[in-house]
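Student: One letter stands for each residue in the lines below.
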Amino acid sequence: MKLLDIIKSANANLLRNKGRTFLTILAVFVGSFTIILTSGIRTGVNSYIDTQMNNAGGENVLEISSSAMSEAMEGSMMGGSSAPKKYDPSRSPISTTGMAITGEQLNKARKINNIESVSPFIMTRMTSMIPIGVAIKYAVGVNGEKYEFDVRSSIDGVNLDIREGTKLDNQTKERQIAIGMDYVAAFGFKDDKDAIGKELTIYVLDRGRPGKLVPIKAKIVAVLNKSILTMSGGSVNDSLARAMLDAASQNLQDNFRQMYTMATAQLKPNLSDAELDKIKDQLKEIGLSGMTAEEEVGMIKAFFDAIILVFTIFGGIALLAASIGIINTLFMAVQERTREIGLMKAMGLGRSKIFLMFSIEAISLGFWGSALGVGVAYLVKMILNPLAADTFLKDLPGFNLMKFDLVLLLLLVALVMAIAFLAGTLPARRAARKDPIEALRYE
Amino acid sequence: MNEKPILAAKRLTKIYGKKSLEVKALDGVNLEINRGESMAIIGKSGSGKSTLMHILAFLDTPTSGVIEINGKNATKLKTRQVNRLRNRRFGFVFQQFFMNARDTVLNNVMLPLKIAGIRKSERKRRAMEVLEIVELTDKAKTRANDLSGGQKQRVCIARALVNNPAVIFADEPTGNLDSVTGAAVENLLFKLNKEKGITLIIVTHDADLAARCDRQIYLKDGKIIKSPVSSGVKTVSPPGKRGVKKGGRI
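In order, the protein sequence lines correspond to chains A and B.
In terms of the numbering used here, the first sequence opens at residue 4 and continues consecutively.
In terms of the numbering used here, the second sequence opens at residue 186 and continues consecutively.
Where hints are given, some of them may not hold.
Said to hold, decoys possible - Subject to a maximum C-alpha distance of 27 Å in a straight line, what follows is the list of computed DSSO-like cross-link-like pairs (lysine-lysine):
id : chain 1 : residue 1 : chain 2 : residue 2
1  : A       : K11       : B       : K326
2  : B       : K195      : A       : K5
3  : A       : K5        : A       : K111
4  : A       : K397      : A       : K111
5  : A       : K5        : B       : K405
6  : A       : K304      : A       : K220
7  : A       : K21       : B       : K305
8  : A       : K384      : A       : K111
9  : A       : K21       : B       : K263
10 : A       : K5        : B       : K376
11 : A       : K89       : A       : K114
It should be emphasised that the hints constitute simulated quantities derived from the structure, not laboratory data.
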């Protein structure tokens, strides 16, 4: 039997039970479509980032932040909704002081070899997640108990998950605070309602006079639901954040008052990796960490890739389930066609050809499923890309949400076909091994 | 007879099952079938007649003994050669037809040619040729399922014929047919035997059909026995002349 005839026969056989074939193909489609779509988005995002990188030409620019900043960011993300901790004088307070870059540090950085200039970002408004330059020792409610307390700024547009009370107001002069639900009882309030409108005293370290604390009174306007965004503490409005910052730095000299969240350093062009590493090491010595644009993008890419990986794994699991479907479909086909297999063997069709015929049925299922996935993904791309460009990617011209890499697509289709083939070997082997006499006797 | 027999079986034994439970389906069968001969294998169910046919057709292998084709030992043939032999030299007709019911008559008839790897136009030409012999040219595009029993068996004969075989094995070819259509199918088989010189090996219960063959082989408990009836029709009778044997308990 010729290969072309075998392929034709295999596909004709698939059409004999259209419903079953369609459902099996659908299962393959779901898996491949998921993978194609996520890889399409990945290619789209990566190619946009790459173009941006090339345009920026950010080879000799170093983003500078304080070393403590990144650690604190990670810490706040991980330990988000931990229970209120009693104040322990032997432990150092959660310090946000170290998170800022001081003017002094910048001056030191300017002296590092190969750095041409350093310019800080100056924030006109408090927009960082954590008020920079403040260290809260503890906070006290109505029962006089001291608790560790950490705060972040409330940012306009970010909705807090409020259980009780009203939103924080960044326009008012009133010093407002929203506390996590666990702190209601800890600070000695009867319930959420009871806490609203009450006063909380926050003790902030005076950075100009070591060991001295400045009490700042704040009005509780809201109780927040537990979530990863509420740190072990609460959120503050702008005027409270400013008050804390002022209190912490009131006794500092002007030079030390300067606080920056970030800075960029212009480097001499064409530095080697070793020279770059040396600069980073020197920055580390003065408590700063430097990152090239490439590294920064790398971090974003790594984070994004992790999400894509999860979806790809989902797609992979769907494909695994689909291949079990292929096995099942083919086992049923072998069962149904036992006599036919017997007849063909009696007429001199060899084992390998029978095996090939059923394998090709499996491969065809894989092919049609993944081809359908490619087709529908293209359709989705055609609809979604302009839609995205008009809405959430409006501010990012040239950003195509999805982009397909033809080689990658072909590779995926080939991979799915290979998986389908592997799944088909089991039933195909059973078909090939059938004894023609037994098969012809089969009722 | 100078010519070597087209098929010969020597001390053929087939044993099924394990030692304590073994069943001898064939027990030292010796047989020679000459080219162009028509031969009936007769026996009760369980006598080993189907096993004998399967072994002669290389669908089954004997436990011991030798099969010769044209005087050459064929027991040691490779699977590939056996497949080729069945495809090119043998034709099969079964009681239950075994057709792809949803496929057309033409496609069913072309199947052996497809297996042989012959190209499509040639397949079609040869299939139409044999359909003409069985007088079913007008049914070529009909689905096999829509045919009557007699027509189905004629399609099967066409299918057996399409590879221009030397031997046709027929396993109860008229078993599922009424006497009129059965007779038509019989006539067709014997016509092919006479006109094309195709060797015919028929396994049957039907005494009338068996009697039309040149030679009858009676099997009992895996052994060839003499005719169970007195009228002795073991010798070669001239083709076309009806055998006398009647009313056998077969």
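Student: None of the hints should be skipped; say for each whether it holds.
Tutor: Hints and how they fare:
Simply put, K11 (chain A) and K326 (chain B) have alpha-carbon atoms about 19 Å apart, close enough for the 27 Å limit, and the pair holds. With a C-alpha separation of about 37 Å, the suggested pairing of K195 (chain B) with K5 (chain A) is violated against the 27 Å cut-off. For the hint linking K5 (chain A) to K111 (chain A), the alpha-carbon distance of about 79 Å lies beyond 27 Å, and the restraint is violated. Restraint check for K397 (chain A) and K111 (chain A): the C-alpha separation of about 41 Å exceeds 27 Å, so the hint is violated.
Between K5 (chain A) and K405 (chain B) the CA atoms are separated by roughly 43 Å; this puts the pair beyond 27 Å, and the hint is violated. In summary, the hint linking K304 (chain A) to K220 (chain A) is not supported, as the alpha carbons are separated by about 43 Å, beyond the 27 Å threshold. Restraint check for K21 (chain A) and K305 (chain B): the C-alpha separation of about 26 Å stays at or below 27 Å, so the hint holds. The straight-line distance between the Cα atoms of K384 (chain A) and K111 (chain A) is roughly 51 Å, outside the 27 Å bound, and the hint therefore fails.
About 39 Å separates the Cα atoms of K21 (chain A) and K263 (chain B), which puts this hinted pair outside 27 Å; it is violated. The straight-line distance between the Cα atoms of K5 (chain A) and K376 (chain B) is roughly 33 Å, outside the 27 Å bound, and the hint therefore fails. Taking the CA atoms of K89 (chain A) and K114 (chain A), the gap is near 44 Å; set against the 27 Å cutoff, the hint is violated.
Of the numbered hints given earlier, the model fails hints 2, 3, 4, 5, 6, 8, 9, 10, 11; all others are met.
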